[in-house]
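Undergrad: Below, each chain spelled out in residue letters.
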Amino acid sequence: MIVARRYGARRLAAYVGRPLALLLGWDVAVVLAYRVLRPHWGGHWGGLGALPMSMMGSSLAIFLVLRNNVAYARWWEARTLWGGVVGGSRRLARQSRLFLAPADAQALVRLQVAFAHALRCHLRRLDPWAAVTPFLPAGLEPALRARTNLPDAILSAMADRLAALARAGALDSVALAAFEDTLREIGSAQGGCERIRNTPLPRQYDAFPALFVQLFCVLLPLSMVDDLAWLTPLGSSVVGFVFLALDTIGRRLEDPFENDSHDVPLDALARTIEIDLRQGIGETGLPPPLLPVDGVLW
Amino acid sequence: MIVARRYGARRLAAYVGRPLALLLGWDVAVVLAYRVLRPHWGGHWGGLGALPMSMMGSSLAIFLVLRNNVAYARWWEARTLWGGVVGGSRRLARQSRLFLAPADAQALVRLQVAFAHALRCHLRRLDPWAAVTPFLPAGLEPALRARTNLPDAILSAMADRLAALARAGALDSVALAAFEDTLREIGSAQGGCERIRNTPLPRQYDAFPALFVQLFCVLLPLSMVDDLAWLTPLGSSVVGFVFLALDTIGRRLEDPFENDSHDVPLDALARTIEIDLRQGIGETGLPPPLLPVDGVLW
Amino acid sequence: MIVARRYGARRLAAYVGRPLALLLGWDVAVVLAYRVLRPHWGGHWGGLGALPMSMMGSSLAIFLVLRNNVAYARWWEARTLWGGVVGGSRRLARQSRLFLAPADAQALVRLQVAFAHALRCHLRRLDPWAAVTPFLPAGLEPALRARTNLPDAILSAMADRLAALARAGALDSVALAAFEDTLREIGSAQGGCERIRNTPLPRQYDAFPALFVQLFCVLLPLSMVDDLAWLTPLGSSVVGFVFLALDTIGRRLEDPFENDSHDVPLDALARTIEIDLRQGIGETGLPPPLLPVDGVLW
Amino acid sequence: MIVARRYGARRLAAYVGRPLALLLGWDVAVVLAYRVLRPHWGGHWGGLGALPMSMMGSSLAIFLVLRNNVAYARWWEARTLWGGVVGGSRRLARQSRLFLAPADAQALVRLQVAFAHALRCHLRRLDPWAAVTPFLPAGLEPALRARTNLPDAILSAMADRLAALARAGALDSVALAAFEDTLREIGSAQGGCERIRNTPLPRQYDAFPALFVQLFCVLLPLSMVDDLAWLTPLGSSVVGFVFLALDTIGRRLEDPFENDSHDVPLDALARTIEIDLRQGIGETGLPPPLLPVDGVLW
Amino acid sequence: MIVARRYGARRLAAYVGRPLALLLGWDVAVVLAYRVLRPHWGGHWGGLGALPMSMMGSSLAIFLVLRNNVAYARWWEARTLWGGVVGGSRRLARQSRLFLAPADAQALVRLQVAFAHALRCHLRRLDPWAAVTPFLPAGLEPALRARTNLPDAILSAMADRLAALARAGALDSVALAAFEDTLREIGSAQGGCERIRNTPLPRQYDAFPALFVQLFCVLLPLSMVDDLAWLTPLGSSVVGFVFLALDTIGRRLEDPFENDSHDVPLDALARTIEIDLRQGIGETGLPPPLLPVDGVLW
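In order, the protein sequence lines correspond to chains A, B, C, D and E.
Here the working numbering is used: position 218 in the first sequence is 538, and no number is missing along the way.
Here the working numbering is used: position 163 in the second sequence is 483, and no number is missing along the way.
Here the working numbering is used: position 56 in the third sequence is 376, and no number is missing along the way.
Here the working numbering is used: position 278 in the fourth sequence is 598, and no number is missing along the way.
Here the working numbering is used: position 143 in the fifth sequence is 463, and no number is missing along the way.
Just chain A, same shape as in the assembly:
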C-alpha cells in the first residue's frame, strides 16, 4: 500500500508513462501525415467529427469511473476483512484471559499468531513455514503439512486444543461456544479474503475498458487534427492521459493480494497482530511495527 503523501514523477511515469509516450508519438505522426499529405491529396478531411468521439468519450468515462469504484470496493473489502482478522485475533486473546488458565491462553494465542502469518502467506502464495513454525507447539507441523489449506488447518488445531480443555473440564460449553464464535469470525474473514483472491473482477470489466481506451486513443488525434492542427498532440495527450490514468487506477486496485505495491499491507497487519497478541501474554523482545519502505507499506 502506497502511503507516501506525494506522488512523484517516478510513480506517475510507472503509471501511464509508456502508453502516453506511444500516444504522443502517434499524435505527432498523425499531424505530420495530415500536413504533408493533405496538400498533395487536395481533398478535405473533416476529422472523425465531434459526435462519435464525444459519445464514445462520455460513455467510456462513466464506465471507467464506475469500474474503478467496483475495484476500489474489492480493495476496501479486502482491507476490512483483514481488519476482521485483527479484531478476531484480539478477541481470541481477550477470551483466553476470560476463560483460560495462563498457560493454555499462551498456547492458543501463539497459534493465532501462527494463523495470521499463515493467512498472509496463503493469500500471497508464499511459503509459510519460516514465519509460522516458531509459533506452533511441538509436533503439530507434520499434521498441518498434510492439509491443503494451512490457515483453516490451524483453526482446526485450535478447535482440537479447546475440545481437549473442555473434555478435561477446564471449559464449560458456554465458553466453548464463545470461542467457537470467534473461530467463526476469523474463519469467515479468511473465506472472504480467499473469495477476493480467487475470484477476479469479471474479465469483461478488465478487457473491455483496456480495449476501449486503446481504441479511443488511436482515434483521438484523427478526430482533432482538422480543428487543432499543430495543437493536436497537446489536446490528444491531455485527454488520453485522463483516460489512460482512469483505466490504470482501477486495474491496480482490483487484486489486493498480488504482492505488489498496491496490496493491502498484509505484512504490516500480521506484524501488528503479532505485537498486540504477544505483548498481551507478557512476551518481550518483540519485533518493531513495520514501517513504509520507500513510501510503500507491505
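Don't read these hints as lab results, they were simulated from the structure.
Only a predicted model underlies this, so the values are computations on that prediction, with no experimental measurement involved.
Beta carbons: idealized from backbone N, C-alpha and C, even for Gly.
Heads up, some of the hints might be wrong.
[Stated by the list, open to error] Here are the computed distance ranges between Cβ atoms for each label pair:
(1) D:Arg355 with C:Ala333: 46 to 54 Å
(2) A:Ala324 with B:Gly605: 50 to 58 Å
(3) D:Ala333 with E:Trp449: 53 to 61 Å
(4) D:Gly345 with C:Gln534: 22 to 30 Å
(5) A:Ala324 with D:Val323: 51 to 59 Å
(6) C:Arg326 with B:Arg338: 17 to 25 Å
(7) C:Arg326 with B:Trp449: 54 to 62 Å
(8) A:Ala329 with B:Pro609: 42 to 50 Å
(9) E:Pro454 with D:Gly337: 54 to 62 Å
(10) D:Ala463 with E:Asp480: 29 to 37 Å
(11) B:Val323 with C:Leu610: 32 to 40 Å
Dock chains B, C, D and E against chain A, hints included.
TA: Chains B, C, D and E alone, transformed into the frame defined by chain A:
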C-alpha cells in the same frame, strides 16, 4: 467463471461479433444509399442532427453502466453467498471437532459434503444423485427423494441426527444451539442463492437496454452520414461497439447460476468444500482441486 | 413479477404507449404549425437551441437513472426480506426437529405456515382469513381477530405456545432463546416489509421526474424543428421514448407490494414456504408450486 | 412524511417558487437590457458561450444527483433505524410472554411504550413528559429527570427491573442475556438516530451545491440571450427549474428529525408501537393509528 | 466537524481561495497575451477547441464526484463506528446493572470511560494520560504503559477484572459471554477506526484528481480565449471554481481523525460517553457537554 487473463479475439467475437457485423453492413448500406440516391434526389439530408443522438447516447450510457453495476452486484452477491456456504461448511466441521465424537463428526461432515453437491446441482438444475449419494448414510436416500427441496432436506437430516445425539446425552443444549446457528448460516446462504436464481433482474432492466441499443445503432449511421461520408462505417462501428459491449457485459453477469461460462464456479467451490472437509476427518485419496478448462473455471 | 424472457409489444405498449402517442401527435402538430406558419410570419425561429435542451436532458438522465436504482434497491430489499421469511420459516422447522416432540413441532410449523399467508395478505391488504384459518389450532382465531397486526399476533401466539412448553419442562431456556432468536429474525423481516410498504419513496423522487419528463417532451420538438424539419417526429420520439421509459421503469418498481404485475411474488413465496414446511412434517396431498400465469409470477 | 400521491401546485410552489420567480425576473431584465443596450452600444456580445455553461451544468448535475442520493440514504437509514425500534419493541413484548409472569411483562412493556415516546420527543427536541409519564411506574419519574439522555435512562430502568427479577429468581441468566440482547438492539437503533440527528451532512455538501446553483442561474440568461433572444426566459427558467429542484430535493431530506413535513413519521411510528404493545398485554380503549393530515403523516 | 449552518466567506476562501486567485491571474495573463500578441503575429488561434476540454471536463466531473462519495463514505463510516463506541459503552453500563454488584459496576464503567478517552487520543495521536488516568483504578497505569495499543490494553484490563469476578463466583459463564460480546463490539469499532486512520484512500484517488484539476485549470483560458475574449476570466473562473471546490470537498473528508475542523467530533463524543456513563453510576459534578467553538464541534 472466465479466469484467463487474456481476452482473445474468439471471446470478443462471441461477445459482440454478430450484432457488430450487422451494424457494419447497415452502415455500408446507408452510405451507399446516401451517395447513390442523393444526387438523383437533389435534396439535402442534414442527418438526424447531433442533438437527439447525443441526448440518447448519454442517457443510454448512464443507464447501461448502472444496469451493469446492478448485474455485477447480483453476481458478486451470488459469489459471496457461496463463500458463506464454504465458511459454514468449515464451521460445521470445526464444531464437530469441538463437540462430537469422531464417528459422529465424520457422518455429519459427510452429510455436509452431500449438501454442497446437492446445492450446486439444485441451483444449476442438474440431477444431483450421482454426486450426492456417495456421501449419504445408508437408508437416507429414499426419504430425501420424497422432498422437493433436496438441500433443505439434507439440512433437516443433519438436524435429526443432532437431535438424536442430544436425546442420547452426547450433546448439551448449548452445543445444539451452536450447531443450529451454523445450519441457519448455511440455510440462509442457500436461500440467498435461490433468491438470485429465481428472481431475474426486473425484465425492464433487460428488455429496454437491448431495445434502446438496437434503436441507437440503427440511427447511428443516419445521424453521421452527412458529416462523415465514407468514414461513417468507422465512426458508427466504434460507437456501436461500445454500446453493444456495454449491453452485453451486464446481460452475461445477470444470472450467475445458468451453467454457462460466466457462472459463479460452483463445481470448483463444491470441490474445495469436499477436499477441505474430507481432509479434516482424515480421509485420503481425494479428488484434486478443479482447474480452469480453456480459461474457464466451472 | 414478470418472468417472461421476451418483452412483447403488448407489454411495451402498456409501458409507454400512451404518452409516446401523445408526444408523436404533438411532434406532428409542431412540424405542421412551423411549416404552415413560418412562411406567413416571415420571421426566423431558431428553435430552443441545443444548450438548454442538452443541459436539461443530461441532468434529467442522471436523475432518472439514479432514481431508478433507488427504486430497484427498494424492490430488491423487499425480495431479500421475503427471502428472510423463507429462511426463518425453514429455520423454525429445523429447530422444531431439534428441540420439540413431533406433535408440538407440527403445531408450531403449521402456525408458521399461517404466518406466511397472513403476512402476504397483510402486505397486499387482502382478507387473510380464508388462507390463514386452516392452519390455526382450534380456538385461536377469535383472539387473533382482536389484534390490529395479524402476523405479529401469530408470532405472539407461537411465543405463548413455546412458553407453555417451557413451563411444562419440555424446553430449557437455551432452546427457548434459540427459538426466540428465530422469531426475532422473522419479525424483523416482517418489520422491513411493512417499512417498505408504508414508506413510499419520497414524493419528490416521484413527482419531479414525471414533471421534468413531461416538460422535456413538450420542448423536444420545439428545439428540433428548425434543424430536423420533417424528421422532427422521428428524432423527438426516439429521445422521448428513452426518457419516458426511464421514468416508467423506476415508477413500476417503487412499490413492491401493490398487487400488480411488478410485485415481489408473494403468492409463490408463501406457497414455497407452505410446501417446504408441510413436507417436512410429513404431510402429503400438498398444493403444487405456483407457476407463472401469462408470464407473470404472483 | 408526505404521503399524498399527487404533488399539487401549492407544494411545488413551496419547493422552488421563490427562487424560480427571482430567476424569471433576472431573465427578463437580461433580455431587456440586451435588446435596449445593444443597438446603442453597437458591439457584439457572444454570450458566455456553450462551453463553460455546459461544463458547469453537467458537473453540477452529477454533483447534485449524487448529493441527493446521500441525503436520501440518510433519510432511509433513519426510517430503517425506527423500523429497528418497532422491531425491538415487538421483540421485547414477545420475550416478556416467553420469560416473564403477566404482571412483570405488563410493567416492562409499558416502559417500552414510554421509551418509544421518549425517543420520539428526544429526537425532535420536544418536551417528553406529557407523553411519557402515563407509562412510567410510580416513583420512577424523578430519577429519570436527573438524567441527560431520557431514552437511555428508560433502558437502564428496564435493566434494573430485569436485574431485580433475576435476583428474585424469576429469570435465569440465559433469559436475562436474551433480554439484554434486545435492549442492545433497541439502544443501537437509538444511537443510530442520534448520530443522524447530531451529525449533519458535511456542510460542504450543503453550501457548495446552493452556491453553485445560484451562480449557475445568474449566468444562465447571460449565456443564452444571444442565441435565444426573446425565448431566453423560457430556456433559462426550464433549465433553472431543474437545477433548483434538484438542489432542494436533497436539502429537504438531509435532516429527517426536524419536525417538518419531510420528517420520518415518528408520531405515527410511536403510535403503532403503542397500539401493538398495549394490545398484546390485553389493554383496550387504545388510541387509533395516526392518519395523514393534509397529505402529511407526522 | 463544522456545524455552523452558514458557510461564510472566510470558510469559502479557506477552501478554494488561493488556487482560484492563481487561476484568475492566469486567465488575465492569457487574455492579455492573446490580445497583445495576436495582432503582431497575424495568425489565428482557434483555442484548444471544445472537444478536448468538454471530454476532459465531463470525465473529470464524474471522477471527482464519485471520489468524493468514497471520501464521504469513509467519513460516515468513521462516524458510525464511533456511534458503535457510544452504543457499546452504554451497553456495557447496562450489562453492569444487570449482572454486577454496584461497586464492581462502577469500576468497570469507569474503565470504559477511560477507554473512550484513550481511543480518542489514540486516533488523533495525542498524549492520552491526562485524560485517561483519572478513570483508572490505582496501580493499573504502569501495566498499561507497557503496551503499544492503549485502548486494546484497557479492554484486556476489563477482561481481567471480569475473569476475576467469575473466578470469585460473582458471574456465571452466560453473563461472562454476554460481557465478552460487548467487548467484541467495542473492540471491533476500535479496529474499524484504526483501519480508516491507517489506510488512506488509495493515493491514486488523491493524486490524480489534483493533477487533473490543475491541468484542466491551466488549459481552461486557452480553450476559451478565442470565443469569450475579455469574458474569458469570468467563464474560466466559474468553471474552475466548480472543479477546484469538487476536488477540495472530498480531500477534506478523506481522513476523519486528523485533528482538524473536518474531523469526526471525537472530543464531543467521548464527552457524551463520559456524561452518560458517569450519570448512570450516580456520579455528579460532571463536565457539561461540549459545544461548538466558532461553528466547529471538535
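Undergrad: Which hint numbers does the structure go against, in order from smallest to largest?
TA: 7
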